[in-house]
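Produce the complete structure using the sequences and hints provided.
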Amino acid sequence: MQKDGIVIKKKLLVIFICPVLVLYTLFIIIPTIQSLYYSFFEWNGISTPEFIAFDNYINMFKDDYFLISIRNIIIYIFVLLCYQMVFGFLLALITSDKRFIGKVFIKKVIFIPFLIAVTIICQLWIRIVQPVNGVLNIIFEFVGLPAQKWIMQDVLSMFLISFIQGWHHIGFYAILFSAAISSIPAQLYNAAKLEGANTMQQHLYITIPLLKDTFLIAIIFCIAGGMKSFEYVYIMTGGGPGNISYTLSMFIYRCIFKTYNYGYGTTGSVIMLITLILATILLNRLGRSRITY
Amino acid sequence: MNTIKDKKTNNIIFIIINIVLIIYAIISLYPFLWMLFYSLKDNTEIFITNPFGFPQKLRFENYLLPLSSHGYSLPRFFMNSVIVTIATLVITVISCLLFSYATARLKWKFSEVFKTYVSVGLFIPIFVVLIPLLIMVKNLKLNNTYFELIFPYSAIRISFSCIILHGFLRRLPFELEESAMIDGAGIFTILFKIMIEYIKPAIVTVIILTFIFTWNEFSLALIFISKHANMTLPVGLLAFLESEMEMQMGEIGASLVIASIPSIFLYSILSKKIESSLTAQGGIKG
Numbered sequence: 113m114q115k116d117g118i119v120i121k122k123k124l125l126v127i128f129i130c131p132v133l134v135l136y137t138l139f140i141i142i143p144t145i146q147s148l149y150y151s152f153f154e155w156n157g158i159s160t161p162e163f164i165a166f167d168n169y170i171n172m173f174k175d176d177y178f179l180i181s182i183r184n185i186i187i188y189i190f191v192l193l194c195y196q197m198v199f200g201f202l203l204a205l206i207t208s209d210k211r212f213i214g215k216v217f218i219k220k221v222i223f224i225p226f227l228i229a230v231t232i233i234c235q236l237w238i239r240i241v242q243p244v245n246g247v248l249n250i251i252f253e254f255v256g257l258p259a260q261k262w263i264m265q266d267v268l269s270m271f272l273i274s275f276i277q278g279w280h281h282i283g284f285y286a287i288l289f290s291a292a293i294s295s296i297p298a299q300l301y302n303a304a305k306l307e308g309a310n311t312m313q314q315h316l317y318i319t320i321p322l323l324k325d326t327f328l329i330a331i332i333f334c335i336a337g338g339m340k341s342f343e344y345v346y347i348m349t350g351g352g353p354g355n356i357s358y359t360l361s362m363f364i365y366r367c368i369f370k371t372y373n374y375g376y377g378t379t380g381s382v383i384m385l386i387t388l389i390l391a392t393i394l395l396n397r398l399g400r401s402r403i404t405y
Numbered sequence: 310m311n312t313i314k315d316k317k318t319n320n321i322i323f324i325i326i327n328i329v330l331i332i333y334a335i336i337s338l339y340p341f342l343w344m345l346f347y348s349l350k351d352n353t354e355i356f357i358t359n360p361f362g363f364p365q366k367l368r369f370e371n372y373l374l375p376l377s378s379h380g381y382s383l384p385r386f387f388m389n390s391v392i393v394t395i396a397t398l399v400i401t402v403i404s405c406l407l408f409s410y411a412t413a414r415l416k417w418k419f420s421e422v423f424k425t426y427v428s429v430g431l432f433i434p435i436f437v438v439l440i441p442l443l444i445m446v447k448n449l450k451l452n453n454t455y456f457e458l459i460f461p462y463s464a465i466r467i468s469f470s471c472i473i474l475h476g477f478l479r480r481l482p483f484e485l486e487e488s489a490m491i492d493g494a495g496i497f498t499i500l501f502k503i504m505i506e507y508i509k510p511a512i513v514t515v516i517i518l519t520f521i522f523t524w525n526e527f528s529l530a531l532i533f534i535s536k537h538a539n540m541t542l543p544v545g546l547l548a549f550l551e552s553e554m555e556m557q558m559g560e561i562g563a564s565l566v567i568a569s570i571p572s573i574f575l576y577s578i579l580s581k582k583i584e585s586s587l588t589a590q591g592g593i594k595g
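Sequence order for the protein chains is D and G. For the first sequence, this note's numbering gives the first residue as 113, with consecutive numbering after it. For the second sequence, this note's numbering gives the first residue as 310, with consecutive numbering after it.
Keep in mind that the hints were calculated from the coordinates and are not lab data. Predicted, not measured: the structure shown is a model, and the values here were computed from it. Treat each hint with caution, since some may be false.
As the list claims (entries may be wrong) - Here are the in silico distance ranges between beta carbons for each label pair:
1) G:I444 with D:I347: 41 to 51 Å
2) G:L342 with D:V119: 33 to 43 Å
3) D:L328 with G:I328: 26 to 36 Å
4) G:L342 with D:F369: 34 to 44 Å
5) D:P297 with G:I573: 30 to 40 Å
6) G:L338 with D:N171: 39 to 49 Å
By construction, the Cβ of each residue, glycine as well, lies at the ideal position given by its N, Cα and C atoms.
As structure tokens, then:
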């Protein structure tokens, strides 16, 4: 907890914080509260809302679509976390190591998918993972393996789409970790080398503990991104076949835009919001309990 | 120490990692190349003969349709995107810089509370806010102006940008300001003349991330914009693609390439700055 700081007059402080507070409260917080308010109603967006208290919430936990969404989103976030944290960190480690040539080039290239719109990314990957004429199946048939359903397969679709989202954003995480790694003074590594530590030990005992804060922020970004994720699933499978690839966002989308059950849809949003806030609080607690230097 | 054995295993690991990296780099680079390639091919080549390789014949004429079409003016959409994006950038960067500086470096009673308040926005998915926001924009009479996008976009980027800036600003030592304060400088002078040099890498990062979001943003723009003339590039592009009945895939690709160019261009200019600023030790001893 930061106790230091410069003290300035209240009137000046107001100038600092007002723009953000006004914009944010007006365009994000107030609409969110309005939306959440409607989760206690049944409303189709046009006629008068009908107050039904917690009925929406009770019905939701019996709803197949919702339950599948929960199962799917857990898988999705898990895969996303593994991929982005582990691989992003490894990428950052490797590109920070002086012994690897071409690291600047690699850093730039890995960031490029991030610049390209979701629609294009999805178009490309659909060609690869679709069961009919997809590149993966073409390769499989060529080698003699049976064709798979890939993105139409029950749990596999979550793994695949999560991988694609992770791949899209990994540049960001690699750079985040890279910046954090480069702020570690070189003397620490030198001292460790003198004591006979090899590279793996150096990273295990120096890099990882010092990057704890960065990991925490990265995990929070990752979980929030995974839970909110919509376009990838929407473009690539639309939730199907049937409802096996529904995620929470797809579920909410369907409620609002397909079944015009606005109150019900915002109930899903409330649950999403609460889960994320709880997760963040939990992570923050975990982060604080360990004392590093 | 088994130095000879260690060196050999080290070398092998080294080579394996390098190969994996190169493969990954190719996979990361390929989508843009693929898009570029098919924007220069015709339908037979795209779907049947040569889907993934270099175009057999460079059909630059694919680019003529997007640039010259009637009814839907791609240059107009481009312009709209530019205006909205730049305005969003300016508003987001300045307001978040001020706010994050206040929560990270200034001492006041509720700084933690406000910082957490602003962070919550990270968890709010766009379409929770969508419909009430639409109604609010109409009530504020902002509809059919550029501001119906600019203000929501800025508001959406606030949480993320403030978190990044806050984390960065926290790490700088207070000596930087103290020496200036002893000389009697006011807070705005301190911020914009002295601290700004050290904050630049974080600002550049926020600029790039905000730019990518705003330029590629689709869902909000789709629902908010009613007049064709006001459409931003992603939405206008889609409307344009849906209107031209006999569109070739290659021409679609050409319009997508045109839409992607600014992001890549901006990144190629700024990436050096990001890299060098992020990896340098920072002039903290200076």
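Within 41 to 51 Å or not, the Cβ separation of I444 (chain G) and I347 (chain D)? violated (28 Å)
F369 (chain D) and L342 (chain G) - C-beta distance against the hinted 34 to 44 Å: holds (35 Å)
Pairwise beta carbon distance, L342 (chain G) to V119 (chain D), judged against the given window 33 to 43 Å: 55 Å Cβ-Cβ, so the 33 to 43 Å window is violated.
Assuming the hint says 39 to 49 Å, is it satisfied by the Cβ distance from L338 (chain G) to N171 (chain D) or not? Holds, at about 48 Å.
Can you let me know if the beta-carbon spacing of L328 (chain D) and I328 (chain G) is within 26 to 36 Å? About 32 Å separates the Cβ atoms of L328 (chain D) and I328 (chain G), which means 26 to 36 Å holds.
Is the hinted range of 30 to 40 Å satisfied by the C-beta distance from P297 (chain D) to I573 (chain G)? holds (35 Å)
This entry does not satisfy hints 1, 2, going by the numbered hints stated previously.
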